[in-house]
Structures are given as C-alpha cells and as structure tokens.
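Please take these sequences and the hints and turn them into a complete structure.
Protein chains in written order, with our numbering: chain X, 265 to 581; chain V, 47 to 229.
A hint or two may mislead.
Derived Cβ-Cβ restraints for the label pairs, each shown as a range [claimed, not checked]:
hint, chain 1, residue 1, chain 2, residue 2, range
1, X, 563, V, 167, 35 to 43 Å
2, V, 127, X, 509, 27 to 35 Å
3, V, 69, X, 347, 28 to 36 Å
4, V, 224, X, 361, 31 to 39 Å
5, X, 461, V, 167, 18 to 26 Å
6, X, 347, V, 210, 20 to 28 Å
7, X, 358, V, 216, 33 to 41 Å
8, X, 542, V, 214, 53 to 61 Å
9, X, 286, V, 141, 54 to 62 Å
To be clear, the hints were calculated from the coordinates, so they are not data collected in a lab. Since the structure is predicted, the reported quantities are computational estimates derived from the model, not experimental observations. Don't be surprised by glycine CBs; every beta carbon is placed ideally from N, CA and C.
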Amino acid sequence: MRWRRTLGALVLVALLAAAGTALVRSTGPAGRSDPVEAVAASLRCPACQGESVVDSRSPIAASMRQVVADQVAQGRSPDEIRRWFVQRYGEEVLADPPARGVFLLLWAVPVLVLLGVCYAAVRTARPRGGPATRQPAADRPVGPGLSGRTAGRAWWAASLGLVATMASVTVAARQLDRPAPAAPADPVTVAVRLAQDLEQQQRYAAAAQMYGEALRDRPDDTVRLRLAFALLRSGDATGAERTSRDVLTRSPDSPDGLLVLGLAQRGTHPTDAPGTLRRFLAVAPEHPAAAEIRRLLAGASPTAGGTPAPRPAAATG
Amino acid sequence: MSRSGVPRPWWRRPPVGAALALALAVGAVLALRPTSAPTGGDSASAPAPALAGATLDGGRFDLADARGQVVLVNVFASWCGPCRDELPLLAEAERRWSDRGVRLVGLDVRDGAEAVRALLAETGTTELVVLPDPDGTRSVDWGVRGVPETFVVDRQGRIAARQRGVVTARWLEQQVTPLLGAP
Numbered sequence: 265m266r267w268r269r270t271l272g273a274l275v276l277v278a279l280l281a282a283a284g285t286a287l288v289r290s291t292g293p294a295g296r297s298d299p300v301e302a303v304a305a306s307l308r309c310p311a312c313q314g315e316s317v318v319d320s321r322s323p324i325a326a327s328m329r330q331v332v333a334d335q336v337a338q339g340r341s342p343d344e345i346r347r348w349f350v351q352r353y354g355e356e357v358l359a360d361p362p363a364r365g366v367f368l369l370l371w372a373v374p375v376l377v378l379l380g381v382c383y384a385a386v387r388t389a390r391p392r393g394g395p396a397t398r399q400p401a402a403d404r405p406v407g408p409g410l411s412g413r414t415a416g417r418a419w420w421a422a423s424l425g426l427v428a429t430m431a432s433v434t435v436a437a438r439q440l441d442r443p444a445p446a447a448p449a450d451p452v453t454v455a456v457r458l459a460q461d462l463e464q465q466q467r468y469a470a471a472a473q474m475y476g477e478a479l480r481d482r483p484d485d486t487v488r489l490r491l492a493f494a495l496l497r498s499g500d501a502t503g504a505e506r507t508s509r510d511v512l513t514r515s516p517d518s519p520d521g522l523l524v525l526g527l528a529q530r531g532t533h534p535t536d537a538p539g540t541l542r543r544f545l546a547v548a549p550e551h552p553a554a555a556e557i558r559r560l561l562a563g564a565s566p567t568a569g570g571t572p573a574p575r576p577a578a579a580t581g
Numbered sequence: 047m048s049r050s051g052v053p054r055p056w057w058r059r060p061p062v063g064a065a066l067a068l069a070l071a072v073g074a075v076l077a078l079r080p081t082s083a084p085t086g087g088d089s090a091s092a093p094a095p096a097l098a099g100a101t102l103d104g105g106r107f108d109l110a111d112a113r114g115q116v117v118l119v120n121v122f123a124s125w126c127g128p129c130r131d132e133l134p135l136l137a138e139a140e141r142r143w144s145d146r147g148v149r150l151v152g153l154d155v156r157d158g159a160e161a162v163r164a165l166l167a168e169t170g171t172t173e174l175v176v177l178p179d180p181d182g183t184r185s186v187d188w189g190v191r192g193v194p195e196t197f198v199v200d201r202q203g204r205i206a207a208r209q210r211g212v213v214t215a216r217w218l219e220q221q222v223t224p225l226l227g228a229p
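Pasting the structure below:
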C-alpha cells in the first residue's frame, strides 16, 4: 500500500506545483524591460478582441501606445498611467482586472474543485473499513468491492487528467509569450497599411492619397512605386508617369518603375509605351507581370481602357 | 465511507457533491449575469475632456469657448468608410440647428491634411471645423474606441451622449433636441 500512498502524495504535489506555477505565471509581471511596452501590455486594446495594446495593429492601439510613451516620458508611474486609462475606458481596459466579487470566485472555484477531487481520490484509493483492514496486501483482492475499485480507477484517471490539463496549460502559456515584441507602429506604417487596405477595396484614389501622406513624412521608393500603381489604377496616368519617373531617376533599372511607367505611357505617350515595357521585360524577364506584358506587346490592339496594371513585385510591410 | 457497507455513489460523497454544486452555481451566476455596463470613461454626462488646438484651415478651436452651446464632436478619419457616409448627415444637423446653438467639430484621427481635405470636398462638408489629431492621442483622451464615434457635449460642457459607430438622424434627434430647450 505504501507505493499507492507515495503515488497519491506525488500526484498531489504535482497538482499543487502546477497550480502554483500557473498562478504565478498568470499574475506575475510579464518581465518586460521597456516600461512603455510593459504598461501597454497591461492594457487591453478596446477596439480588438483579446489583444493587448502592445500587440494590436489597430490605429487606436497605436495611439494608446503613443499616450503611454508620452506619459512615461512625463515621469508618470505605470499605476498612474493605468488609472488614467481606466478613467477613460473603464476597468475592462486592464488586461488583468483586479479580482473582486464574482471574479474572485473564478479563482476560488477551481481551487476548491481541485481540493475536493484530490480528497475524494485519496479517500477512494485508501483501503476501506478503517484500521481493521490495515494489514498485508494478501487481503487486498477481497477488500473493496468491484464498484469501489472501479471508482478508484476513475478517480486516478481524473487526477491524472487534471495534472495533464494543468501541465498543458502551463506549457501553452509559455508558448503564448511573445518571443520578440513587434515594433510599435509609426504613423507612416499605419498610413501605408491603410493605403493597402484601400487598394484591396479597389479605392485606388483614396489609397494613392494615403501613400502620398506616408511619403510626405518619409520618402521611400517602395512606397512611391505603390503610389504610382495606385495612381495608375485610379486612372491618373500622368501622376503615375511622374511618380515612376521620379523612382527611375534614382534606380533606372527598377522593374516595377519601368512597368508602371510603361503602363502609364499607354495613356500619356502611347508611342513610348512599347519601348519602356520592352525594357521592363529585358530587366525582369521573370517578373510576375512579365507574361501579361508580353501578351500585351504581342497583341496588336490593346483593349481600350483595360489597363491590366499587374501587381508590383515589391511588397511593403 | 458508508457505514452500512454499501458504498454510496461517487456523486453522493460530500466533497464532490459540494464542489459540483458550487461550480454549477457559479457557472449559472456567470452565465446569467448581465454584461456589466462599462464604467468610468463610458458614463455619459461626465465633464468633457479638453479639446483645443489649431484647426485644419489654420484657425483655432477650443471647446471651452463653446460653453453655452451644444457641440457635436465627431471622431472621424478619411480612411474610414462609414465616417465618409455619416459626415453629410452631421453637417446637415449643424446647419439645421445652428441658430439654436449647435456646433459641429470633427476630430480627425491619424490622418493626412490632404486626404481629409479631399474627403470634405467629396462629401460637401468643406465648412466643417476639423481639429487634426495626427497621433490619435486626443482621441484616446476622449476614450475613443474606434472611428466613427460621436459625442454630444451639452451647454454645461458635459458629455450628454456618445455613439460608437455611425449616427443616424433619429439618434441625433433624440440626443440633441432635448438639450436645445425652447426655440
């Protein structure tokens, strides 16, 4: 019987250790060194489902990160900053709202259930009949009835299941920790992302405007090429030509630059277009749009107004 | 466990039964509990946060100066489709009630000046007083959760109502007219 007790004690210890670990992991500090990030991680993005302010890519979360950074720079403590947010967004803005009332029961109930199950398991596994039956194992088979033994096995299985559950939760919690926090979104990145969304909605003029805004803050040829494509698709061939030429003055062999320039020229200078598009094919014969351009050049009469405007190969993140 | 020698079924044993009953009770309470209304920032009729700064057209706006008027604060952005749709309705409300002291100000979140000018031109709302909020921090100060969002600030400078998402003519009627008093 000793091994049974030892096993029972071991299971109990394992359960308690797992419960303790889970408690510490879920309530302890996340161990972030950057104070801005630490505070942002403790705030829930109000516009998202289950994302913290540090993880979310929504514009409002980016603004909240900015507010956190501003307040940290002003020397306010994390608790003061969190209180500031609670005043504006209510307590649900906290990733870990203070446990009270019904929510305290959420913690207490699993613990109580766990204790109850452990108790029942120990009682069931223990030989019945009190001290009289505490004798060598020879009596064991005639000890508890069949139903008692079945119940005992069920309890063992349940306990092991609980251990497995808690272990898997502990392991999963570790995997949920972000190994590398995403860089905070800056306004330019947000603008570019919005522009891409607009492009997907086929609102090319609006997308071009957002790319333009992004470029005003930070000139970047990849974004400029996306702007050129957006302009082309919105029907502004002149703007597309100007923008792509701008890129080509810096990198004359930019395949996307040549592609968009050639396509734009079909509207502005139709005689120059084939030459530019051939240069594009010479520079980037493997380009995803190359096949379409070859078809376009081969076809004697390109369909009017049907600018194919293939996707640029370069993708901005 | 049972003195009579017939073991009681597992669910009759006290600790298990008690734990199960407790778990069920708590589960029922949690399931039936009405979702709590958000506290703090949501409570209407709280004093409106400060809102002041240079406007898009180079002027200046200060909500404190608008005390005594009913101010509609519309949080919007040119990149937000629903905002585009509701702007004309809000501008029309301001026109309709302007002689009764209603003003409209747009808080333009994380947007570009050119993009928002184009939006105003497109929606025929070029008269709108726009307060740019390029980094969105003003909106966060107002507890904004997304765009569009509209606040009604009463004549005493308190938030009388807020609408997350698009406003309707009916909502404006219901929220604004009680604040106007006798014409």
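Task: Hint check, failures only - done: Failing hints: none at all.
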